[in-house]
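Asker: The residues making up each chain are set out below.
There are 2 protein chains.
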Amino acid sequence: MIGMECDVLVIGAGILGLSSAYHIKRENPGKNVAVIDKHGGPGQGNSAKSEGGFRNLFTSETNFLLADSTIDWFKHMEEELGHHIGLSYIGYLFLLNEEHYTGQKESWDRIRDHGGEMRVLDREELEEMIPGLVTHFGDDEEAELLGLNPVDYGVFGKKCGCIDADALTRAYEAEFLNLGGEIHYGTEAKSLTLEPEQELEIPGEPFVWQDAHITGAETTQGKIRADTTVVAAGVWSEGLLDPLGVDSFMRPKKRQLFVFKDPRLESLFNVEGFNEYGTMPLTILPKAGVLFRPERSENTIWLACADNLGRKYELEEDPQAEEGFYTESIYHILVKYFPCFEGVRPMNSWAGQYAINGYDELPVVTPAPGMIYVGAASGSGIMKCDSIARIAAALYAGREEAELYGGRRFRVADLGIHNRNVERESLIL
Amino acid sequence: MIGMECDVLVIGAGILGLSSAYHIKRENPGKNVAVIDKHGGPGQGNSAKSEGGFRNLFTSETNFLLADSTIDWFKHMEEELGHHIGLSYIGYLFLLNEEHYTGQKESWDRIRDHGGEMRVLDREELEEMIPGLVTHFGDDEEAELLGLNPVDYGVFGKKCGCIDADALTRAYEAEFLNLGGEIHYGTEAKSLTLEPEQELEIPGEPFVWQDAHITGAETTQGKIRADTTVVAAGVWSEGLLDPLGVDSFMRPKKRQLFVFKDPRLESLFNVEGFNEYGTMPLTILPKAGVLFRPERSENTIWLACADNLGRKYELEEDPQAEEGFYTESIYHILVKYFPCFEGVRPMNSWAGQYAINGYDELPVVTPAPGMIYVGAASGSGIMKCDSIARIAAALYAGREEAELYGGRRFRVADLGIHNRNVERESLIL
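Top to bottom, those sequences are chains L and X.
At position 82 of the first sequence (counting the first as 1) the number is 82 in this note's numbering, and the numbers step up by one without a gap.
At position 429 of the second sequence (counting the first as 1) the number is 429 in this note's numbering, and the numbers step up by one without a gap.
Extracted from the complex, chain L is given alone in its bound form (with noise of 0.2 Å):
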């Protein structure tokens, strides 16, 4: 590979790169458009690890779009395009103490408003449908020790559920392969290259009165020039804009996934009134972030959570799921709220990095010279990829709209940070 040209090279084949390669690729066939990943396949850095859910349900206009497209997008792949990517609409459930929910209103109006469609249940109704979920903890002396909320409403949201987030990267994969996309695994993009636009050959350029770009990079497999540099590479872009002083706009956290299998969770796999399956949705707890979902596939039910002030920020190559996460932290709330788990252990567990955009928790898609960075997705990035990568290819093209799948329209400057304009979400995990 050393010597190699391209026109457009994408850093990072994880959902963001793969999907932006393709959206760019698609809109310029004629284009020789590269992607580069250190890792051995697709999605192997944090995309994969995800687990997977997605939902329309934001109060913030900005996060509905991106995911409303992109979850419709999804059905395209999966029934136009045929590709198996685990779309599952189980529907996400928000439980609430009456403080919460009553707090939202304003929320929940604007949810309503711009479509979202939304069901809210009053505890008997959520006692009713879930025999197995407690509401009220009474006089429990433990319960009151841990601060639990009590559970007074529920809000559903239908264009939910949750996908293989493996599936969906390799599927972007495949159709950029299909267009004839390159993509060379294996490949470490150790440094951007900063080029003077016109080149004196002095040493030491470019120097402050040059106007400089970047110009590709250099990589474990030598230096790759290109015209346009799309920088996705997650929680590593610091690494690569640190040095060029580009902000990237993020910082990587931490998140662990639990895996259980256990017939003692059969009660979570029968419930009705929520969708098709008969299944619990992803299920948020009133407290402290806990939120799980069944996976159908293997009757495994994948179970997260959302911690913030104390979980630290710092890149680490190989994050593990921590036992103790659990057992100390999560389990005593979650015994609480669903009884069933009672005595019941993870059967797997992993970790993952967030690259969390502490300003607004939205994307970033936003050009430097020769450049465009797309990351800070902040944990949501798999439910508004095709959303985010069009808005990429749209900047890549020098458009001032994107069109998001279905039609509707986004200002791309939006996502960018110099005339930056985004609704801040108020429904968050």
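Treat the hints with caution; some may be incorrect.
[Stated by the list, open to error] Straight-line distance between alpha carbons at most 25 Å, and here's what the computed DSS-like set of lysine-lysine pairs gives:
id, chain 1, residue 1, chain 2, residue 2
1, L, Lys287, L, Lys261
2, L, Lys38, L, Lys223
3, L, Lys312, X, Lys190
4, L, Lys223, X, Lys312
5, L, Lys287, L, Lys158
6, L, Lys312, X, Lys38
[Stated by the list, open to error] Not close to chain X: a few residues of chain L, all C-beta gaps over 12 Å, as computed:
id, residue
7, Gly86
8, Gly103
9, Met250
10, Thr300
11, Thr366
12, Asn419
Think of the hints as simulated: they come from the structure by calculation, not from any bench.
Cβ atoms here follow ideal geometry from the backbone N, Cα and C, with glycine treated the same way.
Based on the hints, put chain X in the right spot on chain L.
Answerer: Relative to chain L, chain X alone:
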């Protein structure tokens, strides 16, 4: 200091730490407010390394408010409180070509709208006032190679100038000590302490189900407990906040300063029409962010360059100026506009680090449980210090609005993150 307790612990005795400590103590004389710093004296991190320029010439209403009232406060400090802080209204002069000037028509209008005293000079006026300035380069090939912009206009700000950043920091220190504030130098915060609101004395606390808050810091002199911890550690804030998963909203970038003392530069001290001292104002060249100012007290010229793309983000414990940066990057430009620099070499140089907020380059004053973070001032913290500190004090008191010096009001949440509302700046260096 082992076992020390205080009401407010301020980490960092730089300009933002000391000004915040002062205003918090002033508003709460009964509270025990302690400042710690790893250095041996005030401002020894980056504050005292600043060029010390100040301006109210900002297009952003937010920037204007923060700086304009801080500049009024500087005057109060010098004239009424009797501090020798080297306040010198030499003015700011932006040299611009036609395109940059006319392309920013709206910016100039906005500056006039919010009351920035501004004067526009055309090329003839500039040539007359500054005989040593070259405005056009004709067919000078080297100038073409350097991509130099001609000087067609000058935009001059009157309520602008420079201040002795070291003396300013010491003035806040003195005022804070006068009020009975405590400072412990040579005391480094190693980490912030995160504890549950309700301690259960179970090893491993705080667990994810516990409400937790910051309760002080572990320092090189032992643990300090505080009801509120103010993190104002500049570029070192990241090292304290990352382990808690709290974003510092900044990345460190080196800025270099070169000092000249040479009879050939005498003409820069003999210019009429800009200020009462008959010197050049702080002057910004129309290329590469190069700027300089006369320092009258020692007959020197202080020169800096706001290099951006290609200047890495990296925390350096002891950043140094690079001689080659002056000779290879800045000199060629400088000598074209101001030939008096021909053959002149710096007699001194140093470097500091900016804490750059890549989103909007405005400061951040934001709460976390038990904590207030004050930082990310992006290189203009000194000229906005008093306003930032009053906003921090208002946040500490739980007020929605801060009263800036002179009586103007500022919504505290505007500098926070969750409801951030700042006007981005278009007149950047």
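Asker: Next step is simple, just say for each hint if it's right about the structure.
Answerer: Results of checking the hints against the structure:
1. L:Lys287 with L:Lys261: holds, 23 Å
2. L:Lys38 with L:Lys223: Given that 25 Å is the threshold and the Cα spacing comes to 14 Å, the pair holds.
3. L:Lys312 with X:Lys190: holds, 15 Å
4. L:Lys223 with X:Lys312: Distance of about 21 Å is within 25 Å: holds.
5. L:Lys287 with L:Lys158: holds, 22 Å
6. L:Lys312 with X:Lys38: Between lysine 312 of chain L and lysine 38 of chain X the Cα gap is close to 23 Å, so the pair holds against 25 Å.
7. Gly86: holds, 29 Å
8. Gly103: holds, 15 Å
9. Met250: violated, 9 Å
10. Thr300: Its Cβ never comes within 12 Å of chain X, the nearest being 22 Å, so this holds.
11. Thr366: violated, 10 Å
12. Asn419: At about 8 Å from chain X, asparagine 419 of chain L fails to clear the 12 Å cut-off, so the statement is violated.
Of the numbered hints stated above, those contradicted by the structure are hints 9, 11, 12, listed in ascending order.
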